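Novice: Chains as they are written, first to last, in the numbering used here: chain A, 1 to 305; chain B, 1001 to 1173; chain C, 2001 to 2380.
Just to be clear, a hint being listed does not mean it is correct.
Pairs of lysine to aspartate or glutamate, EDC-like flavour, derived with a Cα cap of 16 angstroms [as the list claims (entries may be wrong)]:
hint : chain 1 : residue 1 : chain 2 : residue 2
1    : A       : Lys217    : B       : Asp1052
2    : A       : Lys194    : C       : Glu2084
3    : C       : Lys2052   : A       : Glu121
None of these hints come from the bench; they were simulated from the model.
Because the structure is a prediction, the values reported are computed rather than measured.
Below are the chains, spelled out letter by letter.
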Amino acid sequence: MTGPAIAPAYAGVDELRRVARELLESGEVRVIIGWEDARRGARPVFITDPAEADKLIFDTRCVHNLVTYLDPRRDHVSELGRIGLVVKGCDAKAVAGLLRESQLSRDHVVLIGMRCGGVLEEGELPEPLALTPENVAPRCYGCDNREPTLTDHLLGEPQPEPPRPVMTIDERVAALDDLPLEERWAFWTEQFSKCVRCYACRQVCPLCICERCIVEKTQPLWIESAAHPRGNFSWNLTRAIHLAGRCVDCGECERFCPVGIPLSLLNRKLQQIVHDRYGYTASDDPENAAPIGDYRLDDQQEFIK
Amino acid sequence: MNSQHSDTFEPRITAFVCNWCTYTGADLAGTSRLHMASNVRIIRLPCTGRIDPLFIVKAFERGADGVIVSGCHPADCHYTSGNYHARRRFAVFHDIMQFLGVDPRRMTFSWVSASEGAKWKDVVNETVANIRELGPYEAYRALAPDAVEPWPEAVDGLTPAGDQEPAAKEVAS
Amino acid sequence: MSERFFISETDLRGLTADLLDGGTEVIAPVATDICQSPSAVAATACTLDGSKVEIDYRQLTSADDLDLSRGLPQLSLKEFFLPEHEPLCRWRQKGTTVQVFEVPTEFAPRVVLAAKPCDAAALAVVDKVMNWDYEDELWNGRRAATTVINLACQVIDDSCFCTAVGAAPDDVKGADGLLTPVEGGYVYEPATDKGRALVEDFAARFSADVPADTIGGQADDERAAARARVADNLEIDADSVRDWIEANFEDPLLTHLAMRCNGCGACTGVCPTCHCFDIVDEQEGVGHGTRRRLWDTCQAPTFTLHASGHNPRDTQHVRYRQRINHKFSIYPLRFGEVLCTGCGRCTRVCHAGQDLVEILEAIDIAARRPRDAEPAEAAS
Ligand code: SF4
Ligand code: SF4
Ligand code: SF4
Ligand code: SF4
Ligand code: SF4
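Chain A on its own, in the form it takes in the complex:
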């Protein structure tokens, strides 16, 4: 079922396979969650048999944020027992998010961090590609955590910086900011009108942790669940603000959205807001308090009469 091993683009795969095998053999973890090479490209894999550790890969197609499998909503994963999880730097920030919010016990997971040089926008390719401005995941540009610190094992070699995408996320946000108010409204309502309310963005987000999402409360119906523009506006706005100061910019919500709504622009704007107002940047330090739920007596209040 698995294709032939291909030359991995990033160093450290041999070490990764060795560490994974040892963790499984010693019984320290019951499952390793990493990436494998399948018929349609790289994808998440759950390995319980040490003999299968050689399936693991790490290359520019490893876009998935596997921390979503640590989310408390994934009972079928936590039932497996202690987990060994392979993380990139951005993924490690999501682990920190779960720890910060007491959604994960640090003992439940062994983190295998990989030194990262950036990933592609999409991992569904037969071979890893070298990164170019056209194919690089835009979030990787300027990434501050390419060598995660929240790890138990840090593998691989230091990697060069990922290329600058043709247009960075910040430039796109700025382009929107420059539009007149009515055009921004037109842009977003057009984007949101495409939403089919599948909730893929929520399901895949490692930090959407609620067992019962507000959108599923139908008595009373706080967010209209039909995919009409009014319900969609309320839903997309709510999803975004519930992640304010918690989103780690892993890009999974946008990648999973089947109709291509540019959710990362909304997420990035919120990151800019919490940064500008409260000096907060997502990091993989679980001790760094999240901005919403926290306050300072002298917080800005220029918008309040």
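With chain A fixed as given, assemble chains B and C with the ligands onto it according to the hints.
Specialist: Same frame as chain A, but now just chains B and C with the ligands:
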């Protein structure tokens, strides 16, 4: 937007206020017979910390042209820190709504204490003036689901929908 | 051999224009360059001078928009028969008096052009459940009002497997006629009275004079080649798969194959045969509102959540198993047809890498395995 609205158009404004400060302040404005616009319907909540941004969204969905959110000044919160939490939440909400293309003048945020009846009057009058200037919030109403047939006329004592909203009550005059 | 007509590319567009001029709604694939829309300067899919074409079924406003490049639309045709959301009735209430206003269940005639055979076949499959214990007036009303004309499919990728589930890239199941591209135009084969009516109503656009070399020639060859290409992707014995799933519901293989699923529900949204819906009451004010139905997904935990708090499908891997079970065992046992037409959309859309071709292959292998030779064991 269309300033010709200002003559004929009566803005509908929903105010979410805390029980301890602004509600009492608004009451004071009333009992002091302060003159202010009668376009505001007040919804009283225990604390600004209880005001979910979704309330504002809901108000727009139901046809509000503008919204006021008001509570105790910093350091005055009946529950010590509810307004500090609310302040951060509304700062983020205020900024992101603007990014989505909502005119910030549609939403007024204020601190009004129990003794500030006069300030409440100013907040109300300014907000109403702003919304008069902006006109009805047609852009939001245009998000409504596909137009359906108009409601049939009154049957068995039930009036056509839309007429059932109680007429705007005057807060004070 | 069914009747065959020839229609040139120009006449096909002319026919589209005739229909539109006559006030008939026409639904067809439309290609849009999303980077050309004025506000898309900031869409992440677009670079500064980039372009990204998306194909969708749309209600045509002009015959020029009809896209015959035969790419696969992102979403299936189902939204035109079971919309993402639609009103079922409106109500108003005062005290204990409730008045209900129903929605119309008759629809104006419309034509779907260049439908994908897998999408049309799905309509015929879903017809069965829509007329099972309750006759769904809205579904049936739209079905009756619609003429569906397929375009034989040539854009086959590694996710397609229609031939493994009883459909084909040149199928007319669920459709009223089939267009097959040939030199200079299309061969049109009506399959139903509705399909024949199109030729009668627009006789000038069709010619009974089908170029000789296309009969048993180009058109048929290409169709056979397309079928063979799909068959290369997957061949299964759907009957044994059905029986194996029923008999081995608890087999760890079925849940093991689903570990990576995030329950995002994108697969059920894009699927032409997934038809589950939810019903919600949208209050629109005091004492009045609209009852709507909207797409639901078995991949969401709330799909089976009981009022008591108990959830019979309480983890994601059993919810994924349900999707497989319903499509390949429950539905065929009840209605005699697989609830899947092999369009491959669920595989393409799944960013967690769930691959239905691979999963069916694994179940097929398990189903063929002599039961006693190997004890059922966790697949690894
Ligand atoms: S955001 Fe950083 S850590 Fe994450 S994939 Fe990109 S470069 Fe690597
Ligand atoms: S909101 Fe999106 S980008 Fe942010 S953490 Fe969740 S999935 Fe990742
Ligand atoms: S993933 Fe996209 S389509 Fe689905 S609910 Fe989220 S925004 Fe809407
Ligand atoms: S199979 Fe894939 S697309 Fe379907 S629910 Fe699971 S993760 Fe989503
Ligand atoms: S299950 Fe997948 S392949 Fe089958 S009809 Fe649905 S989307 Fe297409």
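Novice: Does each hint fit the structure? Answer for all of them.
Specialist: Here is how each hint holds up against the structure:
no.	hint	result
1	A:Lys217 <-> B:Asp1052	holds (15 angstroms)
2	A:Lys194 <-> C:Glu2084	holds (11 angstroms)
3	C:Lys2052 <-> A:Glu121	holds (15 angstroms)
Going through the hint list in order, the structure satisfies each hint without exception.
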